[in-house]
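*Asks:* Chains F and A supply the protein sequences, listed in that same order.
Under the numbering used here, the first residue of the first sequence is numbered 1, with each subsequent residue one higher.
Under the numbering used here, the first residue of the second sequence is numbered 1001, with each subsequent residue one higher.
Keep in mind that the hints were calculated from the coordinates and are not lab data.
Just so we're clear, the structure is a prediction, and the values are computed from it rather than from any experiment.
Below, a list of computed lysine-lysine pairs in the BS3-like style, where the Cα atoms sit at most 30 angstroms apart: (1) LYS1229/A x LYS116/F; (2) LYS116/F x LYS106/F; (3) LYS1229/A x LYS164/F; (4) LYS11/F x LYS216/F; (5) LYS164/F x LYS116/F; (6) LYS1229/A x LYS11/F; (7) LYS1229/A x LYS61/F; (8) LYS1307/A x LYS1046/A; (9) LYS1229/A x LYS106/F.
Chain by chain, the residues:
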Amino acid sequence: MHPPEPLVEFKDAYIGYGSRVVVRGLNLTVPRGGLTVLLGPNGSGKTTVMRAIFGSARVIKGVLRVNGTVSYSPAEVDGLVNLTVLETVRTARRGYAWVNNEDAVKALGEVGMLSKANVRLSELSTGEKRLTMIARAIASNADLILIDEPTANLDPGNRHRVLKVILSLITQHTVMVATHDVDLALLANQVVMLRDGSVVDVGPPVEVITEENLAKLYGVSARIMRNGSEVHVVFPMHEKP
Amino acid sequence: MVSKVKMRGIGLFLTPILLLIGLILNLILGEVDVPYTCLVACSQVKYRIIILDIRLPSTLASLVVGYVLGVSGAVMQGVLRNPLAEPFTTGIASAAVLGGLLGYLLVLVGGLTGPYSTLAIPMLALAVGLSSSIVVVMLGSRLGVIGLILMGILITLLSYAASMILMLMIESINPTVSIQPLYLLYGNLSGVLWWQVYVMLASAVPTTLMVIYLSRYIDLLMLGDDVAKASGVNPVNVRRILVALTSVPLAVSLAFTGIIGFVGIMAPYVVRQMTGRGSGSIVVPWSGLVGSLILTYSYLVSRIMIKGYVVPITAVTGIAGIPLIMWMIVRGGFGAST
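Bound conformation, chain A alone (with noise of 0.2 angstroms):
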């Protein structure tokens, strides 16, 4: 059995390697296969297209929105003292759907066109999905751990609820359209735009490195909330602002990729079993880039898996964390004694 130091060296040492490959193979492969020497130097135009319009703008979305999943994660799973939060705990997901539902209405009955029309789905998801936070945040943090999850339940069964009107709304304005927000329910890294990227990127990394620098007081407020008030300081706030700066970047993905789910559960327990380790400073920005590693190969996967289709990406990441639920539950490591 290979020694928890040597496997942290390996582990350094593939992650950057893991995810070049990846993104490379993510640029060449696919419906139209491109010749790798393309890479560095394309005479073809269709080819340049191929690579810097369409997938390159995705890829880098999968490393950025993977990276943001993952350490999502390992705050809510830190901050509710609980090894199987993860990032939509707080109901942000099905919040953002609701929004994106909402602005799908705005665009049929409100007759907005042009640019606002293509924009109204994912601000609306964005604006919907961030305000959840903030009232899950103030209202919930107040009652402690599992204040903030009842909360998150709540949120959740609220939007659900709105969201089956609304489209029963929709359907009866016009039913036969499709429901174009669904991208929302399955996630979507194809079609992701450059414009998207800057701003997933804007959002992601002030946050992302905002909570890496908070993380050791993800550590203290596992110990329970009186060691961390005898220590001087807030449980309450803490978990305030830890919740809010996730829900920052993790809004901004859910409107214009969608919900992905397992990566943000999977990525903290990989590097805690990988590392042996459990404070917040390791496992907060090494789940990012496990996170970033699921995503993008996940991604690889959903694209080449049927020749001609792009299998969503939720259901991707759902096949990949079956064997991995399963070695949860066989390896155990949850920390309660059995």
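Next up, chain F with everything else stripped away, as it sits in the complex (with noise of 0.2 angstroms):
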């Protein structure tokens, strides 16, 4: 009996929009289960990576196989959307089919957003927006559940409740994430450390996020300090790197 084959697959990938290359030399698998996060600052080609996984990037040299299906959830809904919270879960596609209203509310109830169901988007916080959205993939189903920045501008309440879903998510969907958030990178099973398009480093995080690598992906020094099984990373200010 072999392996299930991996959900995702980046053979030595070039990604970019029309010629223009943006993400370089890309070798990643995505195998079923777990979380994978993609780390770096902004403008390092994270979305751009996600972006290939759906179409809306271009894989312009080497190979990408998708075996599965692929749900994502953007930083941003542009503020004039009319929708309420109920009706933008109702938008997920199971297949060629709109998801039922059974299955949109019983995924607003798994992330906490079941009391807002019929408030309007454009009304919503940020960390609940980003939280609608992610019923809206988990009401889809999908094999891969994409978040870009989940934690980006939250204040700690909002960021908390945003950590405690997906990692519940976790435990049910195979989920790849972006951010510059280290700790959501702490949490992971492999993470891929990119910087201005290049790949600095991908492995485990206990490999991978070490002070070196941080201080190069993001050009300040950083601590790495433990206290019993927490691990905490700081970037000081008085430090040069």
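Assemble the dimeric complex from its two separately framed chains, guided by the hints.
*Replies:* Here's what the structure looks like:
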């Protein structure tokens, strides 16, 4: 019996738009189950990698294989969207059909947004908008859930809520997250560090999240502090890289 | 404050009643007041002619065109992700005016006579209007939402420029003739003939039903092209199909009744505010009904406002639009947090 095929396989892939290459030489395998984190500063190519998976970015050279359905949850939803929370989740597709009301309601319950089902998206906080889009991804029952910058611009309360939801997602779905939130990367099965379109390192967080790599990634010095089983990453202000 | 659910119930109940009342009032009232008993059984031929040959086709036209305008407005606002978009954003209106002027020129210069002369203006208005939509849809969609809007602006500018030139040509041929196709600019429901009503219905019913069936795709488009693509839906093609479908009945209505403004932008806003919903599956069909309501009553007002005159319909919808736009400004509700 051979192991199940991976959901996504990038082999020496050059990804971009038109003829413009944004991400160079990506080798990445996303197995079924677990969390893959694309870690890197703004503009490093994380979103482009995700876009390649569902076809909004081109694989100019190399190979990309996608063996499953995908759902994408963007970092921002246009401010003028008039849909309610429930209507947003009901735009999820299962195959060639729209998701039914029952499954939409269930997904909203899983992220704790059921009480706001009839509130317009435009009236929600950023965190609640992200939770709604994650509920939409859950409702679609996609094999791979792509979440772009889930914790960016969130206050600690909302960040906590979103992180909890992502953690519970991992138990039942394969998730890929693009983020510059190092704490989130610590929770992953594998971390892909990207800077300026190049891969700095790939591997489990224990190996990849080092002070050296973080300094390379962000251009500022990093300190990893361990307190028993807790790991904290700090970027001290007064140290030079 | 009445709850949104109650408002929806009231609206569901009231709308067909209001439409029926509007229809009846349009048949009875006007320059000649017809006794309402005539609606059931009429002995006087004079009244029968007024109702059947003059008022009924025009009133039915107002219902159909109002519905088309409401639906197109809702579709454009969804497809362009802009609550201020309206049916004529693609430039179809100015293109139809250009077509009408071309038709008129053909009659003057080409010496068209008989049925061809009466058909020339609306047929060319339809042809040019529809062609411009096809161009916008095919070329603009590839550039996304901004591309569509820019193409619409381009078509509008081109059409106006060409129209100016045509009007100069017409004037140089016959300086004293009044430019007939001006009805296109102001909107005109009076004088709609029965065959025109049939054509409008034939173009509106299948396309509108298809649009309503596809309305959830509008919702998906609103979340962004990336989200749509990831769900396996091609946003460019969906935009093309939706705009193309609404362009057909719109071009037909423009050809026969001219440009009627404000209805397409007002109706979806009213529906969204009253129902608290935003999904195309609710907003699209109901914008049609609200559009029919607005236009039917506007038509009534245009005929009874000044005794002996029919005020151009766009003036009436514009007057109705002013308090509504003020309400929109005061109430907000466009979604962006202020």
